[in-house]
Amino acid sequence: MNEIVDIGAWELAAAYLLLAFPFAIILWYRVPMLGETVTSLIRMTVQLLLVGLYLQVIFRLNILWLNAAWLVVMVVVADVSIVRSCGLRFRQIAWPVFLALTAGTAIPLTLFTGLILRRTNLLDAQYAIPIGGMILGNCLRADIVGIRTFYESIRPTEKAFLQSLAEGASLPEAIRPYVRKATQAALAPTVATMATIGLVSLPGMMTGVILGGASPATAIKYQIAIMISIFSGTAITVALGIRLTTRSSFTAYGTLDPTTFRDRPKK
Amino acid sequence: MSKAMEAKNVEIRFGGQVVLQGFSLSLEPGEKALLTGPSGCGKSTVLRCFLGFVVPDAGSVSIEGAELTADTVWRLRQHVAYVGQEPDLGAGTAAQAVERPFHYRANAGLRRNLDRIPELFERFHLGQDLLHKDVGSLSGGEKQRIALVSAILLDRKIFLLDEVTSALDKVSKQAVADYFRERDDAAALIVAHDPEVFSFVRRVVELPCHTRTRDTA
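Going line by line, the protein sequences match chains A and B.
The working numbering applies: residue 45 is where the first sequence begins, and numbers increase by one.
The working numbering applies: residue 391 is where the second sequence begins, and numbers increase by one.
Chain A extracted, bound-state conformation (with noise of 0.2 Å):
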């Protein structure tokens, strides 16, 4: 296989003439979203940009410790976004985050670069890195989608709440109607694309192994491994997320801390 065509500063900047389409489209139908997208672009060239400074500086350097950090600041860009977006407290929800957000993208990480690739250097940075952050970015989404579930299905069935606790049931088994719920939210786009996965687009991590230069045999491989990876690691931070915030959410009799909520008043 060819090694994969670099992309000049001229060439690049010849993408750009592709946003005359979506541009005249937006004007041409008055579309409120231009700021948004002009924005949208510049933050996205400007971000990518520092990103690939920042990547060629560790890709050449490949030290340990230095791609642990860059996956833990990851981490922890992906925990804000994802309490942000659930509408919950920072203070009582991001530290149980970190933690399945961290559990989620280690494990199945760890045993891709050391069971699958049989990496000796199980961070080594042209592997833990991509691979880490495809794994991140699906538990992103699926924590976002699993806690916010969870949390916003028990608010206003809270009487069928505390009926369970009041029947006699403990709170891992008051809580277990609304965690199966939320994990089948959390979890059924994984499913969904693995059903169509190949038929409808072609993934991303196959995408960039055949311009990488490998051949499609070995970028099937890789997706069918990055897909279990990730299944395995979304089902892993939904089901932590839920369980580790549920120690700060709830208080010791039980019943859910209205103070967990942003749009909540404390008692």
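Read the hints as simulated data drawn from the structure, not as lab findings.
There could be a bad hint or two in this list.
The calculated DSS-like cross-link candidates involving lysine-lysine, where the alpha carbons are at most 27 Å apart (straight line), are [said to hold, decoys possible]:
| # | chain 1 | residue 1 | chain 2 | residue 2 |
| --- | --- | --- | --- | --- |
| 1 | B | LYS523 | A | LYS203 |
| 2 | B | LYS560 | A | LYS225 |
| 3 | B | LYS533 | A | LYS225 |
Some residues of chain A that are not near chain B, with every Cβ distance over 12 Å (derived) [claimed, not checked]:
| # | residue |
| --- | --- |
| 4 | LEU71 |
| 5 | GLU80 |
| 6 | ARG185 |
| 7 | LEU206 |
| 8 | LEU209 |
| 9 | THR240 |
| 10 | PRO247 |
| 11 | PHE275 |
| 12 | ARG306 |
The beta-carbon is built from N, C-alpha and C at its ideal position, and this holds for glycine as well.
Given chain A, put chain B in place with the hints provided.
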């Protein structure tokens, strides 16, 4: 013999507003009491207090002689049966709703009580066919009586009843009242806007709004 339930100088505030102040009450085993008072004066809050759903800002609450705390609440809840005004039976059929509490570890030894479902359904004028109906299709009165059956099957000696007859017809109300009149072994704190239904209950605890109240019975 310890009291079935007791509240001592309980004070509860919500958002800085005093809902209960200096509230005291005790019930002997088997004793029944009606809790009355204007709407919004905290009757349901008192019941929720005995379940640990509302924690007093001052004072204490006890069940069968043991103070309700974060450590004891999980055990003490297993001594109390609670039926709310508009019970949420969850999803599924009525049979599933009645059986649900028996899947909890605390009630695992009580599954034989489910054999009493036909008898209790008959007693509270509920058709046996209701068991196979989805709870979403049940009327308010049917839900109240099914919740009551579920609570009775848990074999508890203290009942907290919050407007359990509000959606019932006269005959069903009488059936509920008769049941509790015959239960000499069970204490009950009953909130009812139609106290004449529970005319056999001699003790009435009036709960004034935002005032210092003390039960002297």
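Going through the hints against the structure:
At roughly 21 Å between alpha-carbon atoms, B:LYS523 and A:LYS203 fall within 27 Å of each other, so this suggested pair holds. The suggested pairing of B:LYS560 with A:LYS225 is violated, with an alpha-carbon distance near 40 Å, which exceeds 27 Å. Between the alpha carbons of B:LYS533 and A:LYS225 the distance comes to roughly 24 Å, so the proposed pair stays at or under 27 Å and holds. Here A:LEU71 stays apart from chain B, with its beta-carbon at least about 49 Å from theirs, past the 12 Å limit.
Here A:GLU80 stays apart from chain B, with its beta-carbon at least about 38 Å from theirs, past the 12 Å limit. Consistency note on A:ARG185: stated as away from chain B, and its beta-carbon is indeed over 12 Å from all of that chain's, at 27 Å minimum. Look at A:LEU206: its CB is around 6 Å from the nearest CB on chain B, not clear of 12 Å, so calling it non-interface is violated. Residue placement check: A:LEU209 does not keep its beta carbon more than 12 Å from all beta carbons of chain B (closest about 7 Å).
Chain B leaves A:THR240 outside its interface by the beta-carbon criterion, the shortest separation being 30 Å against a cut-off of 12 Å. In this structure A:PRO247 is separated from chain B by more than 12 Å, as the shortest Cβ-Cβ distance comes to about 36 Å. Distance to chain B confirms A:PHE275 as a non-interface residue, since its nearest Cβ pair spans about 27 Å, more than 12 Å. Distance to chain B confirms A:ARG306 as a non-interface residue, since its nearest Cβ pair spans about 17 Å, more than 12 Å.
Violated hints, listed in ascending order, are 2, 7, 8; each of the other numbered hints is respected by the structure.
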